[in-house]
Amino acid sequence: ATINPETNQSAIDDLRQLIERIIAHRQKERQAPQYPTEEGEFLADPAELVSQVKAGNWEPKVWETQETRMEKGKRFGRVESTLVGDRSGSMQEEGKSQEQQKAAVLFMEALKEFQDRLLEEAVNLQKPLAIESEVYTFQSSAEDARPIKPMSEELSERDRIHVVSVLSTCPGPSTTDFVPLESISQGIHEETRRDIQNGELKKIVVVFTDGGSDNPARVSSALEKL
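Residues 10 to 235 (our numbering) are what the sequence shown spells out, left to right.
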């Protein structure tokens, strides 16, 4: 298992804890009993009330009230995650390709587990959350501009195996990281921008690369637009 050096525990466990925290923050409001109090909506202990009054205590703490707690903050309805993998030739050096594959597996398995947990907890959530994903790679070919796994809620085992299989080869003669970034940017239409601004959509792009872009200026421009 991959160990997170910051927490010294399995990265999978770290992600699971994060997923559970996100789900907990989205759960429906629940009324929690608060007692004992001098006054409230419900008499929690009638016998104690009689006993305290007989003893001369006219304000006994025998009442129960209800308190509604609500977590503040935006509640996104959708999250779109994009993974961009580096298939340039330099990734074949020093085990970089293998590490990238491990990271991609971790990324996709976490998303799949998140989707499954959201489905299980759907009835308990204050606002449903949809997780969508897509995967790009770059290797100096016409395919750089098209995702090898299109954006959708579907993330099947077949999808995950296909992505890892593609990342196992690094035939690219150069680093064309700017191409998928530009494609992602061009795919953000006005409706998408509006959803992001309104807090309905959170869009995340994760890029794996060992650097050395063929055109840093185009990368910078694409990042600025994103």
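Please keep in mind that the hints were generated in silico from the structure rather than gathered at the bench. Among the clues, some could well be false.
To be verified - Calculated cross-link-like contacts (lysine to any residue; reagent style SDA-like; alpha-carbon spacing at most 20 Å): (1) K211 with R30; (2) K212 with K234; (3) K111 with K211; (4) K234 with R202; (5) K121 with K105; (6) K37 with S192; (7) K211 with I140; (8) K121 with S192; (9) K211 with P225; (10) K212 with V132; (11) K211 with C179; (12) K234 with N207; (13) K111 with V175; (14) K105 with S222; (15) K121 with G86; (16) K105 with L115; (17) K111 with E129; (18) K211 with E141; (19) K37 with Q135; (20) K136 with S149; (21) K105 with R87; (22) K121 with R202; (23) K121 with I140; (24) K121 with P159; (25) K211 with S99; (26) K37 with A139; (27) K111 with V214; (28) K136 with R35; (29) K37 with V132; (30) K211 with I32; (31) K211 with L27.
Structure-based check of all given hints:
no.	hint	result
1	K211 with R30	17 Å, holds
2	K212 with K234	13 Å, holds
3	K111 with K211	25 Å, violated
4	K234 with R202	12 Å, holds
5	K121 with K105	24 Å, violated
6	K37 with S192	38 Å, violated
7	K211 with I140	10 Å, holds
8	K121 with S192	24 Å, violated
9	K211 with P225	26 Å, violated
10	K212 with V132	25 Å, violated
11	K211 with C179	31 Å, violated
12	K234 with N207	18 Å, holds
13	K111 with V175	13 Å, holds
14	K105 with S222	16 Å, holds
15	K121 with G86	17 Å, holds
16	K105 with L115	15 Å, holds
17	K111 with E129	27 Å, violated
18	K211 with E141	10 Å, holds
19	K37 with Q135	4 Å, holds
20	K136 with S149	42 Å, violated
21	K105 with R87	32 Å, violated
22	K121 with R202	26 Å, violated
23	K121 with I140	9 Å, holds
24	K121 with P159	15 Å, holds
25	K211 with S99	32 Å, violated
26	K37 with A139	17 Å, holds
27	K111 with V214	18 Å, holds
28	K136 with R35	7 Å, holds
29	K37 with V132	9 Å, holds
30	K211 with I32	16 Å, holds
31	K211 with L27	17 Å, holds
Checked against the numbered hints above, the structure violates hints 3, 5, 6, 8, 9, 10, 11, 17, 20, 21, 22 and 25; every other hint is satisfied.
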